[in-house]
Amino acid sequence: MERVDPVPIDLNGMPPQPGDLFVLAATADLPVEWAILDRRPGKAAGELLAVPADTRPFAGSADVEVPAELSGGPLSLRCRFGVWLDAALFDPKLRSGALTPDIVAEALQRFRRVESGDLEASPLTEEVDADPEYADWLLEVPERARALAAAVKPAATRPSPAVTWTSAYRLAAVFALLAVGLSIWVALLRRDVGRLSAPIFDIPVNEVVLGAGDRGSTVLEIPRGASHVLLLLVVDAGVAPREGRFEIVDAGGRTVWRGPRVHLIPAGELRLVVPRGLLVDGRYSVRIVPEAGGPAIAEKTLRITTGE
Amino acid sequence: MKIAGISWGRKETKTLTGESVFTSHVRVLAGRESLDPRRLEQLWSALRAALRSELKRRGLWETPPAYLGIYGWEAWEAWGEGGRKETALEELLAECYSYIFVLRLRSLEAQLKLKENIDGLIFLNIRHFLHERQKEHDPLGSQVFQVLQSAVRTAVAEGDLYVLEGDERIRNLTVLSVSASGPALEPAREGLAALVARWNDELLPDLVTLRGHRQEEVVRRLRERLTELGREGFATFRFKDLVDPLKADVRARWAAILDQSQGEAVPRIEEESRGTRARLVPPDTQIEERQLFRKLVDCVMTSLRRLDINEKTRDYLSTLWNFVRLQASEGEEPGAPALRLDPWLEEAEGEERPSLRRLAEQLRIPRERLPGLYETLGDLLERCRAANSGRTAVRSLLGKSRPGKSRPGNSSFRNGKGGPGAH
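Residue numbers (this note's numbering), protein chains in the order written: chain A, 1 to 308; chain B, 309 to 731.
Next comes chain A alone, as it looks inside the complex (with noise of 0.2 angstroms):
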């Protein structure tokens, strides 16, 4: 069995990033460590998407397992647990490994399929959500682990020096042009917020296999004054584990959408949604190609048309 580490970077005193494992001196009496999957802009130091991850083999409907040959692995990250934690609370001393970048893409969808309650179970983990033992688990574990986690506060963070009062000035100056840029922006930013933000109302759906071969052209017929289109992409079973991009092509050859990289689950699913401005009525061909180059693995040529 050949383990696959990601490129050995030296990350002594480096900041925890995404992909990152850790343990916690705040949960130092359980046996787990922290996988880093996402960061946002937060206090002095920012926060981090955590989540939990145990050798336990155990993997339920919302955990995902990092086998034996990846890095970091076996390993299994309880993503229900997941939490936003201070950065300041990851100590770059306590970095015990590193996970690829794919399974932490993995996580993270599976973090927000649990926050949004669109969580498929496979037969396999709901098998495992059912078991007694892995109930207990989760309840003496992965649970612990994150209420513990989340009650930590960082140490408080030492005060900035203090500045002469020319450069005081300097920087009001400073700060007063970039308040009076930032809120035309803002202004704009909300509108636009505003609009995304409103529920899209009976969406239209369209179903589109892949893998299956292409027997001719699919047409998807769009409501008229619909906004957004919800694609549901289906990985047809013949279709090989694997690393990959979805694409959507239009006639003339121009990629209209180009997805992030995923791993090829057969017979998984995912979901598009795509604003009807991009999709404009004509003929294009939905596709997934290999990661690592080459001829597509997968494709279907669509024609969108408005109904009425």
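Since the hints were derived computationally from the structure, they do not count as laboratory data. Here the structure is a predicted model, which is why all the values come from computation and not from measurement. One or more of the hints may lead you astray.
[Said to hold, decoys possible] Result set (SDA-like, lysine to any residue): computed pairs, CA atoms no more than 25 angstroms apart in a straight line:
1) A:K93 <-> B:L413
2) B:K548 <-> A:D129
3) B:K603 <-> B:G520
4) B:K421 <-> A:A151
5) B:K603 <-> A:R261
6) B:K423 <-> A:P74
7) B:K421 <-> A:A147
8) B:K603 <-> A:E243
9) B:K423 <-> A:L94
10) B:K421 <-> A:P74
Assemble chain B onto chain A, guided by the hints.
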């Protein structure tokens, strides 16, 4: 800190010099230092003792080593001239060492960053190791334990049973009673095993073939049966007194389906008093093979969910698939579990197959449906195997037609669009 009944933060195994053997070994491995043969022997002895103790605690010391994937032995230890011989325990010990100190070394090193002593974590890993092996190699026993444990927990929560002694999460040695002030525990009374075994008349095959959220249904039925204990005068008993005869009876009935010789009869101690068969097959399969097996099982089950067929047929397919999957996991045949699936699904009259009559009786599937169900499962397995091996499946369910052979139903997937075989 107490996890799964073990105080792993404090439990230690010390040498005569007071050193924690397991922690010290992890430090040596982490420092890439050379291994001292004397200290290695100390480690090996400590690990053997811990493993033996855990096997006994779980009631596995009396069961055949095959239930943990160690084949070709009748007992865990054998003594001869000159002391202990090469035994099943030594084989398991080597696997356990690899599970803990090779595969999980990075995680152990991580814990050493925060703690001086991680011996307790090694004990916890021994438990996980045995639990995982049991689930892999004794799926029948594990499933029966799990369903009964859930049923007893529900009965305790609803006040029909009481935990008088032992682990409240319900383990083998937990003492249960039908009343809060139940009488003291006495040796299991005659008749208890027979009563429990009779429950299987109504519970099988669902007890072992209903999985996931559908398992709740059989848990509920078994929980109702538990009320018979008080009525029949069994006031106080250990959980083990219920689970052992239930498992033994399931195994016996399961073996009866297989109407062919699969090995030599081996006398069993305690729960396995009916006698069963030794599994003379090669050593445990590798991690990759087990992963492939799990992927195939999951793929076929996912495809079953998507088949455009009536619910009755889906239930039959699901029951038959879980039967086949259990047989393959049990390791009655040589080879990797994923390969052991094939003999069950190939030719309808294959030598490995049990008689259709027996199967129909035990699984409660109409006999005339079985050939068609086998065929559908064979097709799904083939497509899933192709998907997992990276090659294109050569057949499609929709495109294939076999005149004269019965079909379980219309095998299109989600209106002919998704799932294996879709075009």
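Verification of the supplied hints:
no., hint, result
1, A:K93 <-> B:L413, "holds (18 angstroms)"
2, B:K548 <-> A:D129, "holds (24 angstroms)"
3, B:K603 <-> B:G520, "holds (16 angstroms)"
4, B:K421 <-> A:A151, "holds (22 angstroms)"
5, B:K603 <-> A:R261, "holds (22 angstroms)"
6, B:K423 <-> A:P74, "holds (21 angstroms)"
7, B:K421 <-> A:A147, "holds (21 angstroms)"
8, B:K603 <-> A:E243, "holds (17 angstroms)"
9, B:K423 <-> A:L94, "holds (12 angstroms)"
10, B:K421 <-> A:P74, "holds (19 angstroms)"
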